[in-house]
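S.K.: Listed here are the chains, written in short residue letters.
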Amino acid sequence: MAHTHKLEIFRGLWKFKSNQQKIWGVLVFLTFVTAIEVILGIYKPHVLMSPLLSPFEGGFFATLGNILFSPIIYMKTLNLIFILLTIVKAYYITWDFMHMRDEKGSLRKMVVWTAVFLICYLIFILLQEGGYVFGVYNADDSLIKRDF
Amino acid sequence: MDSTVASTGTEGKTWGGGNRPLGASYGKLMMWFFIVSDALTFSGFLAAYGFSRFKFIKEWPIADEVFTHVPFLHGQELPMIYVAFMTFILIMSSVTMVLAVDAGHHMNKSKVTLYMFLTIIGGAIFVGSQAWEWATFISGDYGAVQTKGGNILQFGEYVTENGEEKFKRISIDDFAVPVTGTRVEHERKNGLWFVDGASLPEYSVDEIYNGLASNPNILVRTQLINEEGEKTVLSREESLKQLKDNGQLVVKGANLRVNEYGTSLFADFFFFITGFHGFHVFSGVVINIIIFFNVILGTYERRGSYEMVEKVGLYWHFVDLVWVFVFTFFYLV
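So the protein lines, in turn, are chains L and A.
Per my numbering, residue 105 is the first one in the first sequence, and the count goes up by one each step.
Per my numbering, residue 5 is the first one in the second sequence, and the count goes up by one each step.
In isolation and in its complexed conformation, chain L is listed as follows (with noise of 0.2 angstroms):
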């Protein structure tokens, strides 16, 4: 059986000799994402505990330019870029060690189109109803007392 792998990563930046030396190569790199995460998760920067933006004020263009940039409005700068390093880490995994990269397109994107689309829907309907539970429990004339 004929194995080939394609030999580079960050869109050819870094090109390998071997699949092995790949392998060492995303390992080098998976490290140095996880320290990234963790040196910013010990000093908690105080510039990044705050969200980016604050929300817009005013009518329907507001709403919409709080909906298409609610996660530099409503998280903080710190969160978001933990998420972001851990996406990146989960696509190398995902592409190197599980080797996605070889794979073909059609079986590339059955697998993560799906989990991908499904995941965002999830997280969606599950954290707005969290929210608005939130609202509920919280709200001036809210039924629910908590604080004894």
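Because the hints were derived from the structure by calculation, they are not lab data.
A virtual CB, placed ideally from N, CA and C, is assigned to each residue, including glycine.
Among the clues, some could well be false.
To be verified - What follows is a list of derived Cβ distance ranges for each label pair:
{"#": "1", "chain 1": "A", "residue 1": "Gly79", "chain 2": "L", "residue 2": "Lys110", "range": "48 to 56 angstroms"}
{"#": "2", "chain 1": "L", "residue 1": "Leu188", "chain 2": "A", "residue 2": "Ile142", "range": "32 to 40 angstroms"}
{"#": "3", "chain 1": "A", "residue 1": "Leu301", "chain 2": "L", "residue 2": "Leu188", "range": "44 to 52 angstroms"}
{"#": "4", "chain 1": "A", "residue 1": "Gly79", "chain 2": "L", "residue 2": "Arg250", "range": "51 to 59 angstroms"}
{"#": "5", "chain 1": "L", "residue 1": "Asp244", "chain 2": "A", "residue 2": "Gly132", "range": "46 to 54 angstroms"}
{"#": "6", "chain 1": "A", "residue 1": "Ile293", "chain 2": "L", "residue 2": "Pro149", "range": "30 to 38 angstroms"}
{"#": "7", "chain 1": "L", "residue 1": "Thr167", "chain 2": "A", "residue 2": "Lys115", "range": "58 to 66 angstroms"}
{"#": "8", "chain 1": "L", "residue 1": "Phe173", "chain 2": "A", "residue 2": "Asp177", "range": "45 to 53 angstroms"}
{"#": "9", "chain 1": "L", "residue 1": "Ala194", "chain 2": "A", "residue 2": "Gly167", "range": "39 to 47 angstroms"}
{"#": "10", "chain 1": "L", "residue 1": "Val216", "chain 2": "A", "residue 2": "Glu232", "range": "34 to 42 angstroms"}
{"#": "11", "chain 1": "L", "residue 1": "Leu117", "chain 2": "A", "residue 2": "Asp68", "range": "15 to 23 angstroms"}
{"#": "12", "chain 1": "L", "residue 1": "Thr167", "chain 2": "A", "residue 2": "Gly31", "range": "47 to 55 angstroms"}
As the list claims (entries may be wrong) - For lysine-lysine, the following DSS-like pairs were computed, each having C-alpha atoms within a straight-line distance of at most 25 angstroms:
{"#": "13", "chain 1": "L", "residue 1": "Lys110", "chain 2": "A", "residue 2": "Lys235"}
{"#": "14", "chain 1": "L", "residue 1": "Lys208", "chain 2": "A", "residue 2": "Lys248"}
{"#": "15", "chain 1": "A", "residue 1": "Lys245", "chain 2": "A", "residue 2": "Lys170"}
{"#": "16", "chain 1": "L", "residue 1": "Lys249", "chain 2": "A", "residue 2": "Lys245"}
{"#": "17", "chain 1": "A", "residue 1": "Lys62", "chain 2": "L", "residue 2": "Lys249"}
{"#": "18", "chain 1": "A", "residue 1": "Lys113", "chain 2": "L", "residue 2": "Lys121"}
{"#": "19", "chain 1": "A", "residue 1": "Lys172", "chain 2": "A", "residue 2": "Lys62"}
{"#": "20", "chain 1": "A", "residue 1": "Lys62", "chain 2": "A", "residue 2": "Lys245"}
{"#": "21", "chain 1": "L", "residue 1": "Lys148", "chain 2": "A", "residue 2": "Lys235"}
{"#": "22", "chain 1": "L", "residue 1": "Lys213", "chain 2": "A", "residue 2": "Lys32"}
{"#": "23", "chain 1": "L", "residue 1": "Lys148", "chain 2": "A", "residue 2": "Lys245"}
{"#": "24", "chain 1": "L", "residue 1": "Lys213", "chain 2": "A", "residue 2": "Lys17"}
{"#": "25", "chain 1": "A", "residue 1": "Lys256", "chain 2": "L", "residue 2": "Lys180"}
{"#": "26", "chain 1": "L", "residue 1": "Lys110", "chain 2": "L", "residue 2": "Lys208"}
{"#": "27", "chain 1": "A", "residue 1": "Lys32", "chain 2": "L", "residue 2": "Lys110"}
{"#": "28", "chain 1": "L", "residue 1": "Lys249", "chain 2": "A", "residue 2": "Lys152"}
{"#": "29", "chain 1": "A", "residue 1": "Lys152", "chain 2": "A", "residue 2": "Lys17"}
{"#": "30", "chain 1": "L", "residue 1": "Lys249", "chain 2": "A", "residue 2": "Lys235"}
{"#": "31", "chain 1": "A", "residue 1": "Lys152", "chain 2": "L", "residue 2": "Lys110"}
{"#": "32", "chain 1": "L", "residue 1": "Lys180", "chain 2": "A", "residue 2": "Lys62"}
{"#": "33", "chain 1": "A", "residue 1": "Lys115", "chain 2": "A", "residue 2": "Lys172"}
{"#": "34", "chain 1": "L", "residue 1": "Lys208", "chain 2": "A", "residue 2": "Lys32"}
{"#": "35", "chain 1": "A", "residue 1": "Lys172", "chain 2": "L", "residue 2": "Lys148"}
{"#": "36", "chain 1": "L", "residue 1": "Lys180", "chain 2": "A", "residue 2": "Lys170"}
{"#": "37", "chain 1": "L", "residue 1": "Lys249", "chain 2": "A", "residue 2": "Lys248"}
{"#": "38", "chain 1": "A", "residue 1": "Lys32", "chain 2": "A", "residue 2": "Lys170"}
{"#": "39", "chain 1": "A", "residue 1": "Lys115", "chain 2": "L", "residue 2": "Lys121"}
{"#": "40", "chain 1": "L", "residue 1": "Lys148", "chain 2": "A", "residue 2": "Lys170"}
Take the given structure of chain L and dock chain A to it, following the hints.
M.R.: Chain A only, in chain L's frame:
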């Protein structure tokens, strides 16, 4: 014959049968299907964690204050270090697994054996670390008082360290004043026949209150998160009043009902999600051991292909992939 065989007009084309339209064997394809469905299970759990966290966003425990222990380094607060180590172990065992797959492609039996062995060791270290993490979490460190409303009151004092004033937790063992002879445990032989009561907590709320009253430096910290992103510390009078009026149960550590670190949902999700992941790692190790022995026995050598190592490898990498997300959402965000 033609009348019994449906002719679909796809003969000789990609999906006409007799070839592999997706370029992967049956086994690998089924493993991918399983991984997709398992990924949805895990994301369901993590999304449910997110739901509960958004619901109690103002009082969720801060992970950095919960997971601060490292084996052999008692009494030091080192958040993140141990989980980072666990993450590295798991990524490392993923690397040895993918090296085993690569050696399998070259039909190199001795190298596959070596790398499979290292993968199993990595998995075992990870499961052991997780057991230690659980044990630490269950036994707890400072102790707290649960109120009638199910909120958690923790104790500590302000100290100045390196010119910075900060709140330092104090263990209930260090200040509780024992009162003798007031509490009786309900055993099978007294009270109702053959019915046990719950075992008594180490201290009663009165003992904690006496301790708090006689130590003017100690303050109560609630689970509410303030503007600065820290837990709210009450004034001295409020501390005494809150504990007197609402204190109900002394808790130490965490289990499925109470949690000294804050809302008990946090402990429930911690046990459920890391437990489910740990179970995956454990079963991965077991499958790896089976494959390891098959490699040694030369099963795949005779079969002429090490594809089984590749399929198990897919599962093993998936376990690593899930951990990357658990790590982010439990320990970082």
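S.K.: Take the hints in turn and mark each one as holding or not.
M.R.: Against the structure, the hints:
no. : hint                                     : in the structure
1   : A:Gly79 to L:Lys110: 48 to 56 angstroms  : holds, 50 angstroms
2   : L:Leu188 to A:Ile142: 32 to 40 angstroms : holds, 33 angstroms
3   : A:Leu301 to L:Leu188: 44 to 52 angstroms : holds, 45 angstroms
4   : A:Gly79 to L:Arg250: 51 to 59 angstroms  : violated, 34 angstroms
5   : L:Asp244 to A:Gly132: 46 to 54 angstroms : holds, 50 angstroms
6   : A:Ile293 to L:Pro149: 30 to 38 angstroms : violated, 44 angstroms
7   : L:Thr167 to A:Lys115: 58 to 66 angstroms : holds, 59 angstroms
8   : L:Phe173 to A:Asp177: 45 to 53 angstroms : holds, 49 angstroms
9   : L:Ala194 to A:Gly167: 39 to 47 angstroms : holds, 42 angstroms
10  : L:Val216 to A:Glu232: 34 to 42 angstroms : holds, 40 angstroms
11  : L:Leu117 to A:Asp68: 15 to 23 angstroms  : violated, 35 angstroms
12  : L:Thr167 to A:Gly31: 47 to 55 angstroms  : holds, 50 angstroms
13  : L:Lys110 to A:Lys235                     : violated, 50 angstroms
14  : L:Lys208 to A:Lys248                     : violated, 67 angstroms
15  : A:Lys245 to A:Lys170                     : holds, 23 angstroms
16  : L:Lys249 to A:Lys245                     : holds, 18 angstroms
17  : A:Lys62 to L:Lys249                      : holds, 14 angstroms
18  : A:Lys113 to L:Lys121                     : holds, 23 angstroms
19  : A:Lys172 to A:Lys62                      : holds, 21 angstroms
20  : A:Lys62 to A:Lys245                      : holds, 22 angstroms
21  : L:Lys148 to A:Lys235                     : holds, 16 angstroms
22  : L:Lys213 to A:Lys32                      : holds, 15 angstroms
23  : L:Lys148 to A:Lys245                     : violated, 34 angstroms
24  : L:Lys213 to A:Lys17                      : holds, 20 angstroms
25  : A:Lys256 to L:Lys180                     : violated, 32 angstroms
26  : L:Lys110 to L:Lys208                     : holds, 12 angstroms
27  : A:Lys32 to L:Lys110                      : holds, 19 angstroms
28  : L:Lys249 to A:Lys152                     : holds, 12 angstroms
29  : A:Lys152 to A:Lys17                      : violated, 70 angstroms
30  : L:Lys249 to A:Lys235                     : holds, 19 angstroms
31  : A:Lys152 to L:Lys110                     : violated, 61 angstroms
32  : L:Lys180 to A:Lys62                      : holds, 15 angstroms
33  : A:Lys115 to A:Lys172                     : violated, 52 angstroms
34  : L:Lys208 to A:Lys32                      : holds, 13 angstroms
35  : A:Lys172 to L:Lys148                     : holds, 19 angstroms
36  : L:Lys180 to A:Lys170                     : holds, 23 angstroms
37  : L:Lys249 to A:Lys248                     : holds, 19 angstroms
38  : A:Lys32 to A:Lys170                      : violated, 55 angstroms
39  : A:Lys115 to L:Lys121                     : holds, 20 angstroms
40  : L:Lys148 to A:Lys170                     : holds, 16 angstroms
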